[in-house]
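Q: Chains as they are written, first to last, in the numbering used here: chain A, 1 to 322; chain B, 323 to 887.
No wet-lab data here; the hints were simulated from the structure. Be a bit skeptical, because a hint or two may be false.
List time: in silico BS3-like cross-link candidates among lysine-lysine, alpha-carbon distance up to 30 Å [to be verified]:
1. Lys561(B) to Lys571(B)
2. Lys474(B) to Lys57(A)
3. Lys745(B) to Lys653(B)
4. Lys836(B) to Lys479(B)
5. Lys445(B) to Lys830(B)
6. Lys160(A) to Lys887(B)
7. Lys57(A) to Lys763(B)
8. Lys160(A) to Lys863(B)
9. Lys714(B) to Lys745(B)
10. Lys837(B) to Lys653(B)
11. Lys445(B) to Lys566(B)
12. Lys68(A) to Lys57(A)
Computed, partial: chain A to chain B, Cβ under 8 Å [to be verified]:
13. Leu147
14. Val171
15. Gly172
Predicted model, so just to flag it, every value in this text is computed and none were measured. Glycine is no exception: its CB is placed at the ideal position from the N, C-alpha and C atoms.
The primary structure of each chain is shown beneath.
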Amino acid sequence: MLTYAVRRILFSLPIVLVASFVLFVAVRATFDPLGKLRQSRDPEVLQRETERLGLNKSVPEQYLLWLKGIVTGNWGVSTRTGGDVRSLIGSALWPTLQLVFWGVLFAMLIAAFVSVYSAVRQYSAGDHVLTALSYVGIALPAFWFGLVLIQLLAVLPRQKLGLSDPPLYFVGLHSPGSSGFDLDYLRHLVLPVLTLTITLVASWSRFGRASMLDALSSDYVRTARAKGVPRRQVILRHAARNSLAPFLTVVALDAALLFGGLVVTEQIYSIPGMGRLFLDSLLAGDVFVLLPWMLVVAVAVVVCNLIADLSYALLDPRVRLR
Amino acid sequence: MSRHPRRVRRTLALVASAALLALVTACSNSSAGTGGGNGGGDPVAVRQGGAIVIGAEAEPDCADWLGTCAGSIWGSYTMKEATVPVAFVVRKDGDHWVPKASDLLAGEPTTQATGGTQTITYKINPAAVWSDGTPISAEDFKYTALQVRDGKDIFDKTGYDKIASIATPDPKTVVLSLKEPYAGWQQLFSSGYGVLPAHLLAGKNRGALLKDGYTWSGGPWLIESWKRGTSVTLVPNPKYWGAKPKLDKVTFQFIADTAAAFQALKSGQVDALYPTPQLDALSQIAAGIPNTKSEVDAQTGNLEAIWLNNARFPFDSQAVRQALAYSIDRKAVVNRLFGSIGVKQPAQSFFTPILDTYGDAAFGEYELDLDKVESLMTGDGWTKNGSGIWAKGGKPAAFAVETLAGNKRRDLTLQILQAQLAKAGFTMTVHNTTPADLFGKTAPNGDFQAGLYTLIDTFPDPTLSASFASSSIPSEANGFSGINFGRVNIAGLDPVLAEMDRELDPAKRIEASKKADQLLADAVPAVPMDALPNVLLWSTKLGGPIAINPSEGPFWNLNEWGLAK
Numbered sequence: 001m002l003t004y005a006v007r008r009i010l011f012s013l014p015i016v017l018v019a020s021f022v023l024f025v026a027v028r029a030t031f032d033p034l035g036k037l038r039q040s041r042d043p044e045v046l047q048r049e050t051e052r053l054g055l056n057k058s059v060p061e062q063y064l065l066w067l068k069g070i071v072t073g074n075w076g077v078s079t080r081t082g083g084d085v086r087s088l089i090g091s092a093l094w095p096t097l098q099l100v101f102w103g104v105l106f107a108m109l110i111a112a113f114v115s116v117y118s119a120v121r122q123y124s125a126g127d128h129v130l131t132a133l134s135y136v137g138i139a140l141p142a143f144w145f146g147l148v149l150i151q152l153l154a155v156l157p158r159q160k161l162g163l164s165d166p167p168l169y170f171v172g173l174h175s176p177g178s179s180g181f182d183l184d185y186l187r188h189l190v191l192p193v194l195t196l197t198i199t200l201v202a203s204w205s206r207f208g209r210a211s212m213l214d215a216l217s218s219d220y221v222r223t224a225r226a227k228g229v230p231r232r233q234v235i236l237r238h239a240a241r242n243s244l245a246p247f248l249t250v251v252a253l254d255a256a257l258l259f260g261g262l263v264v265t266e267q268i269y270s271i272p273g274m275g276r277l278f279l280d281s282l283l284a285g286d287v288f289v290l291l292p293w294m295l296v297v298a299v300a301v302v303v304c305n306l307i308a309d310l311s312y313a314l315l316d317p318r319v320r321l322r
Numbered sequence: 323m324s325r326h327p328r329r330v331r332r333t334l335a336l337v338a339s340a341a342l343l344a345l346v347t348a349c350s351n352s353s354a355g356t357g358g359g360n361g362g363g364d365p366v367a368v369r370q371g372g373a374i375v376i377g378a379e380a381e382p383d384c385a386d387w388l389g390t391c392a393g394s395i396w397g398s399y400t401m402k403e404a405t406v407p408v409a410f411v412v413r414k415d416g417d418h419w420v421p422k423a424s425d426l427l428a429g430e431p432t433t434q435a436t437g438g439t440q441t442i443t444y445k446i447n448p449a450a451v452w453s454d455g456t457p458i459s460a461e462d463f464k465y466t467a468l469q470v471r472d473g474k475d476i477f478d479k480t481g482y483d484k485i486a487s488i489a490t491p492d493p494k495t496v497v498l499s500l501k502e503p504y505a506g507w508q509q510l511f512s513s514g515y516g517v518l519p520a521h522l523l524a525g526k527n528r529g530a531l532l533k534d535g536y537t538w539s540g541g542p543w544l545i546e547s548w549k550r551g552t553s554v555t556l557v558p559n560p561k562y563w564g565a566k567p568k569l570d571k572v573t574f575q576f577i578a579d580t581a582a583a584f585q586a587l588k589s590g591q592v593d594a595l596y597p598t599p600q601l602d603a604l605s606q607i608a609a610g611i612p613n614t615k616s617e618v619d620a621q622t623g624n625l626e627a628i629w630l631n632n633a634r635f636p637f638d639s640q641a642v643r644q645a646l647a648y649s650i651d652r653k654a655v656v657n658r659l660f661g662s663i664g665v666k667q668p669a670q671s672f673f674t675p676i677l678d679t680y681g682d683a684a685f686g687e688y689e690l691d692l693d694k695v696e697s698l699m700t701g702d703g704w705t706k707n708g709s710g711i712w713a714k715g716g717k718p719a720a721f722a723v724e725t726l727a728g729n730k731r732r733d734l735t736l737q738i739l740q741a742q743l744a745k746a747g748f749t750m751t752v753h754n755t756t757p758a759d760l761f762g763k764t765a766p767n768g769d770f771q772a773g774l775y776t777l778i779d780t781f782p783d784p785t786l787s788a789s790f791a792s793s794s795i796p797s798e799a800n801g802f803s804g805i806n807f808g809r810v811n812i813a814g815l816d817p818v819l820a821e822m823d824r825e826l827d828p829a830k831r832i833e834a835s836k837k838a839d840q841l842l843a844d845a846v847p848a849v850p851m852d853a854l855p856n857v858l859l860w861s862t863k864l865g866g867p868i869a870i871n872p873s874e875g876p877f878w879n880l881n882e883w884g885l886a887k
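In isolation and in its complexed conformation, chain B is listed as follows:
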């Protein structure tokens, strides 16, 4: 699954993912995980040693996790998470996913906001060392922070652009000073970038050094080899200070074809799969796969939506946007797409399920209601023409939806929508495009009416300013760097979003985010659509606590995986 750069660690997925408000966990076959992700599922005792092969549906282009390759989710799964230490990990606490200090740190960092600034102090675990034996030090934090803040061609500078200074009073202490309070400070040195080894990279061309992988590690695994187009092989890092891997070797084999990947699982050529839930994959899962366990987890960080260009006809009218939301039977769409695996509820907020404490399901008010469509459209001066299509000033309510070619699930989604919208008096056409065109040209230039694509939250931190703050509208002023592609500019929303980004008090932050959720639902800048759960399948020969972590993916605890006893 490839991803698109997005500030605040939200991501536009080029393939698929979506949101659900309710946690839905479905299991199949002989047993399954629970969606726990924190050692969830029924742990199966494992033996020491052995090798497994995992099917990976995409290959990263490079291994420079600060540059554009930071957007490769499979790069993260196959190499980054296994080798790059992070300050915070995401673990389940009750029903919610929360950041927790990792074993890279000696304890929870302390943070203090004074006089409009914020200071964070990290104490590094004395046992933490790189694979060459060099201690992980404050200099590594400093190198990473400054590379991101000051570097060129950086994937995402969110949070790091607030760094005023970074002090290293001793080799194991880092004091980070921010120019202003940053509520999402736990993301720093965490899921996005982690911490890179200064003693190996400082003063060198990082991109060139990391383009084909690397031999160092600060995690439980070392990259033994990366054969382009074929596989990545991991072996245990003997210097890792935490729990050592049970397996001797893990190979991620790149299998781009979903049908072939399922056959590889059935034939025993791969031992686990984490497929994008496309239609063919869903039908295979629903049919059952012998000797395989599975987990279907709908508490994800994914949100698929119809993103509307609020500055282009016909969606420059709030009434039309609201009418559109009332024209769609989103439950029917979700049920058609994912009903077979037990996922039936549409997304009702722009906060993804892993951020459900921050949302208020404000979009729940929009259900199929053609009377309301009629009332809104006529109230806005529209009348139906001879073909039953709304028209105003001689222009019909017709629009094109940009979508990425080759995604069958989205094709089906759009087919259903076309039929539903035609009944409501809208004409929708589909325009297939490529990721490079859509996210490189069409969307930044605002040269679209609507688009169907996905956001992914990779950290449980609520912020919507990148998507909806007026300052994030791509423009010459910000070097076309904003990703408020829909040109959303809702009265009263900007200060609320800013408060969400600054407020360090969790209760006040939740209050602000719920307010933002309601403002967004009222203005309908986009329509949150379908639920796309995460799916993990693994052979019964595997054991250990195997479960999906919606933030870090299914391989977050690969060191605990093994061959069943």
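Isolated chain A (complex conformation):
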């Protein structure tokens, strides 16, 4: 498996390189790296920065310079904050990683359960209810749903019960002055994770249900049943396990995209993650942050797919990793 993983990583490198070049060209075509400086009253500043940043060179040359910086750890300086881009992205990645980890973990568990239940009890009342709920979940816009959760689970309980503090917090991941993994952190985490989880469960459960129905109607399941394997064992060990492979592919892709796709959730819950960093950088036209940001998300997609591929072997004994 190690050889396979190393080979996959090596195969991924050209993909990341091509993606980075396309991103570089697209971002440079869209944004002016000196946009902010064009408001400066210093007439020499544009020329100085053009030379310093190598903007007078050809695009391939600029790309190679940028790539060299990325590889050597010199990711550049944000024009918005004046800070080191690597530190900016690193500090934004951590809160997002926490949200993605908890959200994906809970969503996977719940979606897997809902998928199996709905497929096994297809067209039952429970299946219909879960199907309806999943469509509602898919239709819920995060910006609205997040505010509804805040109102229902934080503001109203505090007002109705006369509490001094809300039972759940929704500003950031910690109260001022606190840090670490404690009750305060958990009280901050519930609402954003719940917002994320419900949205993910809604779509994943639909996919998981379809995948599980496919597995249940397959020959090996019929054979297992004909051989008298207990129903529970057929569902869990044969059908569910096999249906998880395509399910995991979807989970891996979605999880990777979440690294950059939590703009709304992070905005509502005031979490300084990758989504907010992207939004702030986009509005400021800060190409020096946007480019590495996109590269990090592209790498996240590759890594998550690799994890999904590796997990196939654990789930399906027919898959051999070479």
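Following the hints, complete the assembly by docking chain B onto the known chain A.
A: What follows is chain B alone, placed relative to chain A:
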């Protein structure tokens, strides 16, 4: 609220604000401030100690208050005002906001104009010290002045570019010599930049040192921490020589989403908010928030206007600009936007409400009058085409308005205007843009027909030369540094604006400014639009004199805030 560089301490707001001529103060809930700002409102007795959290809707990009981050209004509220000493503060005197010497100085500075130059002498308060115990000295004034005058990438050099020399005869005396009289001299070392510590910054890379905050202070507070994207925490400066803070700690928590910020106030996660009056915020305020006091103050330094490009068709014609002003029912717009919180009057001058003594409400003559539109347009050679739209030489009276995407209040403003202008025979389209594009490229290059954005006066000093003097039109000659984006060039206006900037006699200055107000109203280089009041909300658990200061914001006296007894 982020801001755009503008000389003379006027600012183009990227979010929102506007002007009103009349002072309108509306209060809600159990009690409220009065818009006094000078200890206004009903002071509530407070106890010593405790901590509060204030919701901040924007985060500064850095803490270099001389560079581009000087334009961050929330940087000013959260850190600069709390830590950087200033020569003049703005306080209310009767009905007007005026500069007053701060406790950094031993008394009112003396100034003298002789032979076409001006000299200002500052005496520094002997008790004034930085947080490390070093006395605040004349060298600090000198360092700050020369950094601004001679430095690169400085936010705004207005006034400092007139400095001929700066002498420090003793450690507590500063003598500033200006090349020419500067009527706005009280702005120097005041709201814009204050005074920075030379012993910590001189000879070093200021931008790099200050980009993530700093540990020194010459104000009532120290910055305990700045967690990017999360919060800024202030604690009392034990070396501050003035009134010590009542609270042990103040945290500004960054909450960009307005709806979430209001929920945070309702749930007690934050204790105060100073929201930009967007539509959703206004509806929440109108509905009332339990256990919260509020102040709505329309005597602001804000002016939202439709800025016209006077060099581009169709606004290269004065008759068309005047016709446009007569096509708009500005009262209806303001009432729709802010009527729910008691603000109903449109701006009638380019002088903002905190400068109302200088303006003459000259724009009051422009009210909806379609007959006058007809007369002006036909007199200028326009006829209506088959669609009822004015046309001249085969070109219709159609124009695009640049606006910043995502501002719902401005979207509504433009929707109302579209309907009103269509009735008057104009076609208006909306072009959404970003601050970087609008103020970095489109406006300086004159590549626009009209734009809807806001000016903010951060000091009660009247000057309009940056916006309307012909020398401020961005050009190669001035390195595209002017911000007369509308290419305004009105006959007779430049000398009047220059007089306003030079005249040290207040009465003569008022006379000149009223003349400028009338010239501008006659030529309609832009249309002053809606009123955008300042709004402050705070929990009933807070006490102290809490009120908005339109120049310094709501946290000007944070050291007097506390937990109610």
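Q: With reference to the structure, classify each hint as holding or not holding.
A: Hint check:
| no. | hint | result |
| --- | --- | --- |
| 1 | Lys561(B) to Lys571(B) | holds (16 Å) |
| 2 | Lys474(B) to Lys57(A) | holds (25 Å) |
| 3 | Lys745(B) to Lys653(B) | holds (17 Å) |
| 4 | Lys836(B) to Lys479(B) | holds (26 Å) |
| 5 | Lys445(B) to Lys830(B) | holds (28 Å) |
| 6 | Lys160(A) to Lys887(B) | holds (25 Å) |
| 7 | Lys57(A) to Lys763(B) | holds (23 Å) |
| 8 | Lys160(A) to Lys863(B) | holds (18 Å) |
| 9 | Lys714(B) to Lys745(B) | holds (18 Å) |
| 10 | Lys837(B) to Lys653(B) | holds (25 Å) |
| 11 | Lys445(B) to Lys566(B) | holds (23 Å) |
| 12 | Lys68(A) to Lys57(A) | holds (15 Å) |
| 13 | Leu147 | holds (5 Å) |
| 14 | Val171 | holds (5 Å) |
| 15 | Gly172 | holds (5 Å) |
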